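K.L.:
Read off the chains here:
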Amino acid sequence: MRARILRVFALVVKELLALLRDPASRAVLIGPPIIQLIVFGYAATFELKHVPFVVYNQDQGQLSRELVARFAGAPSFDLVQFVYDQKTVEQSINNKSALMAMDIGPNFSADLERGRPAHVQIVLDGRDSNTAAIAMGYVQSIVTQFNQAQVVQHGMKPPPTVLLDRAWFNPNLDSRWFIVPGICGILTLLVSILTTGLSVAREREMGTFDQLLVTPMPPAEILLGKALPGFLVGTAEGTLIVLMAIFWFHVPFTGSLIALYIGLLCFLFAAVGIGLMISSLAVTQQQGLLGVFLFMVPAIVLSGFSTPIANMPQAVQYITLLDPLRYFLIVLRGSFLEGGGVTLFWPQYWPLLTIGLISMIVAGTLFRKRLA
Amino acid sequence: MGVIVVNNLSKSFGKGTSRKDALKNVSFEIAEGSMTALIGPDGAGKTTLLRLLAGILQPDTGNLHVLGHALPHDALQLQAKIGYMPQRFGLYENLTVEENLTLFADLHNIPEDRRKARFDDLLTMTALGPFRARRAGKLSGGMKQKLGLACTLIHPPRVLLLDEASVGVDPISRRELWSIIQQQVIREKVTVLLSTAYMDEAERCDHVLLLHEGEILAQGSPSDLIAPMQGHSFLLQEAAMAARALQSQVARLPDVVDTVIQGDGLRIVMKKVEPPPLPADLAVRGPSKPVPARLEDAFVSLLVNRNPHHSIPLPPATKAVANDAAVVEVKSLYRYFGDFAAVKDVSFSVQKGEIYGLLGANGAGKSTTFRMLCGLLPASSGTLRVAGADLRTGEASARARIGYVSQKFSLYGALSVLQNLSFFATVYGLQNRRKRDRIGWALEELELKDYIAMNAADLPLGYKQRLALACALMHEPSILFLDEPTSGVDPLARREFWARVNALAQGGTTCLVTTHFMEEAEYCDRLVLMSLGEVLAEGTPTEIKSRVRHADQPNPTMEDAFISLIEEHERVSRRAS
Amino acid sequence: MNRMRVKGLMRKEVYEIVRDPSSIAIAFVLPLVLLLIFGYGVSLDARSVPVAEVVEQPTYLTASFLGELDHSPWFRPARYPDQASAEHAMMQGRVQAILWLRSDFSRRSLSSGEAPIHLTVNGVDANQAHIIQNYVNGTWQNWLQQQATLQGQPLAVPVVADVRIWFNPALTSRDYLIPGLIAIIMTLIGALLTALVVAREWERGTMEGIMVTPVAKTEVLLGKLVPYFVMGMCGMMLATAMAVFLFHVPLRGSLTVLVGTAALFLLTALGMGLAISVLARSQFVAAMVAIVTTFLPAFILSGFLFDIRSMPQAIQILTHIVAARYFVAALQTTFLAGDLWSVILPNLLGLGVLCIVFLGLSVLRFRKRLD
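Residue numbers (the working numbering), protein chains in the order written: chain R, 1 to 372; chain C, 1 to 577; chain A, 1 to 371.
Everything labelled a hint here was simulated from the structure, so no lab data went into it.
None of these values were measured; they are calculated from a predicted model.
Please note: incorrect hints may appear among the correct ones.
Claimed, not checked - In silico BS3-like cross-links for lysine-lysine, where the CA-CA straight-line distance does not exceed 25 Å:
no., chain 1, residue 1, chain 2, residue 2
1, C, 81, A, 368
2, C, 189, C, 81
3, C, 116, A, 7
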């Protein structure tokens, strides 16, 4: 038993040395994840700031100017210019100098004062439908606020009902709180796949894998020795990334660390398993890289990182069940924002363990089979 | 003025502390229409020199003129007139023979109307005519080399630079390659500069340049180089004792520079013009006869003189205990890759303490047989027993009894020498004291001490081979598999290597070796000769050679035997079909 | 530049492509599979959002309001008896939002007014939360209007914003995501094709043989670029055809502009791959760099998913070196708006500059030497 442990330990030490003594692979493993966390953490946000808009105000009254001022004063909107004909409105939307145009008719103030609904026409650029949809929401809420102020000012009868919204877990609906934990998951996946996805293919190309296979180590020990470095590097980088999310991006961490780490280990088990499976399927490093790539891109896109899984068609939703990142993102976001604990995440843990187990078994059998 | 003129050429790689001089102040000249051989140990700077002359490296200092073009400035003009064949000529494996030729014809701007004649000429010369439409990747090693040469000769070049063109090529293809090159020199007045590890090839050239650590150690015609050695070489034959045991005794005698087993006898090179002072018990069995010196004698003694502390290790004096137990048994072994039979009906058995050779060209099935023996590849049919077990299906612990040195000296390049040793010691289950002892042994015995902290990837080839051997020997295996351990290794390093293998065999370790160096067959106790997956002959070197002995060939070498046996085999199989 | 040499090199490359299935896979199978998965998988339109409805005292008023919700395609409502059980369901992720109508809802609505409708959303996915809030808000406004009309009273809403969305009135996110996805997929393909093939020639030793012929380095690069360019364009056409015929994204601009933009972008992407492989020389390093510098930056920094204007200034500047950024903007405009030169030209200019930088870097750093 002691000899077995020592052998596996020697293999782990060797793997880590091989990774960290080489300046190129050291740089690839440590640099990009940290830089990308910072850049993407700032870049990836669904909040709109500085939406440029133009105003075509045909009304002479005070009230239309008040409404425009409300928009111009909001942090989400930037008034580009006042325009004086419909044609310029069209141009500024077309050439993207404005995302939104406000068209206030000549009777706006007059209508308002007579107690008739005053219409303001809002034109949005739908080429980016998500931005347009978000901007539409902002417009509605500014208009609603304006209306409330008018109701109070003019002593009008309040509407029979009001809608009070409230958001759990993320009261200000800060999308960075949502995105940054997602990036943590993506980068942990990247690191663990980079560590393992090429390790067998590389050794196979160098011929050292044969050297390992003629030693008395059984395949299970080799598998373990190959998998553990992925765990170690993944845990270390995962911890670093999570710490940065908390202390750099100030994403609140409300859940239990234990639950998060159980999730991290389960996820690494699955990711490392898939990495080793790709690695032992590939005969050359080139194939290994292609494999890593063909796995990583769909895994990220279908994980629910940027677009919710619930929006996908049923068939695609079934495919996402195979994606380990899907489960880990739920654990990450749950731990950060929802205050979730171990019991809540059990439905995420077991699929990860199953994926890991199956891929490890496949990798183990491929170790010896793919030798022709 | 010569076709190639080199003055005070220096070239180094790397920066700071890792800076390494590849060439130091080299000057020489090569005359038009001559053949020059570039020889020297690994890392002497042969490849660097050829690459500089081809214009794909930039010299640090010094002048280089080829065909009157100054390098590296006029590289582009020059490259239209020269042919260069790198060590690993990269053929496009997915392209057919003809498509490869067409590509190089396009690159050299050969007009369409001249192509047909030139292609026909080259294909006839290389005997590749029937394979025009075959993909380069499907050619045998020898055919690939010939195609590479044909691509290099397409324009035709006025200067031909060849880097180890015949490494890893079987004797028949090697002869063909040589006849093509010699034709070029005679018919087209091509100037040839080639590097080689085979001294017999160098001996056929007009001029020899011996490089050592980036400097020219000697140059001149082969006879110039051999001349000072005349009278130093002797052959001791008809000795009653086994050549290996004889060698270990003779090598210990004073003033002996070099000993090589040759057939049943022993070739001895002396420091002075005196026969070896054989002790009485050896002398009575027969005196040593003086024989003409060879270039290899000159090569070895020049290098040994240069580095006296770095002499060839002596073969051990002890004699192994005789043991008839077969430790490796192979019976009617087959291996198919798809429809292709890589190994066909191979049977042999190896006794304990034997050095057993698998001889043959690339693609003969040696490595496939080895990989099956080591359990790396399942056999299609047949039985295999290594140390009483089938390593593929048996317990993992059975593998603790074998050591394996693969063709590429597979080491972890990013790990230091010590880290490699420590890793393999541990995976073989060595612990504490024993581990320390064995690592100490390896560093001492294989002279790796000076390189202890160096990354394995940065080691010179000869040291990589030693480290690979050390790693495979960590656990003192009873059977050692050595796959092409001497490929691309210079004559001195080859001697060191065989001395070590000898020592191991004397100590009772069974050694299985594959090689395509025919003269290395002489070091084996017994061997099989393989071609295209089949066994052509099995037995001791003497037995195999005696099979082809006849009036025209009274004293055949192993290479002669190999060629005759293959030709005979081809005749038989043709008649059968 | 010698035509015979370039033609010879191109012919060689074509043979290699035709006979090695892996580059065909990169050029054709990759866009097919990725576009299918992404095209169906990536959608920001929330449909059938599970919503918990808690009604403490059902009346005709609550029924009419909830009826409005039940008929909306956006929601999949489920009734919960009380707030606690609804909250529990939200904790477990079974519902995304809770609508709570208290027992005094109808009474207050009819008397003093301003009866509260409590909407609680799960804010973890802030974007989705916003969208749900907007949907509920829209539904509620409609309902208010209907109620007012029914009762013959003018509605006390002073200002009504009539929102019109140009180019994509239904706000189908697929219409704008698919052009973006094409840009990202082409980024991957462009870089993967060339990043590996040049490095592979160095590793296989074929480059050394080529180097010692009188071929010029621009000829070698051109011989590489043209065949992969043709292949990449075929992949691009495949993706466009899928976008138009499978995903029914309207193509309002002209095919000429689309092909022209794609050609320039592909040159840039191939140029980036070439530059990577020229600088790296080993397949391992080249592919690592290609993976790290292509997919995630294009995915996050191109403006395809996240609005560039909303990013911090420093990162906005950084996005200018992401070629996909220009292509995403140009493609979205060509597909959804038409040939609007005021948008397309600046993006073509940006692509052109990057293209020159990458190709120039490849030519400058590509040495016909080994050192």
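K.L.:
What are the numbers of the hints the structure violates, in ascending order?
P.N.:
Hints that this structure does not satisfy do not exist here, as all of them hold.
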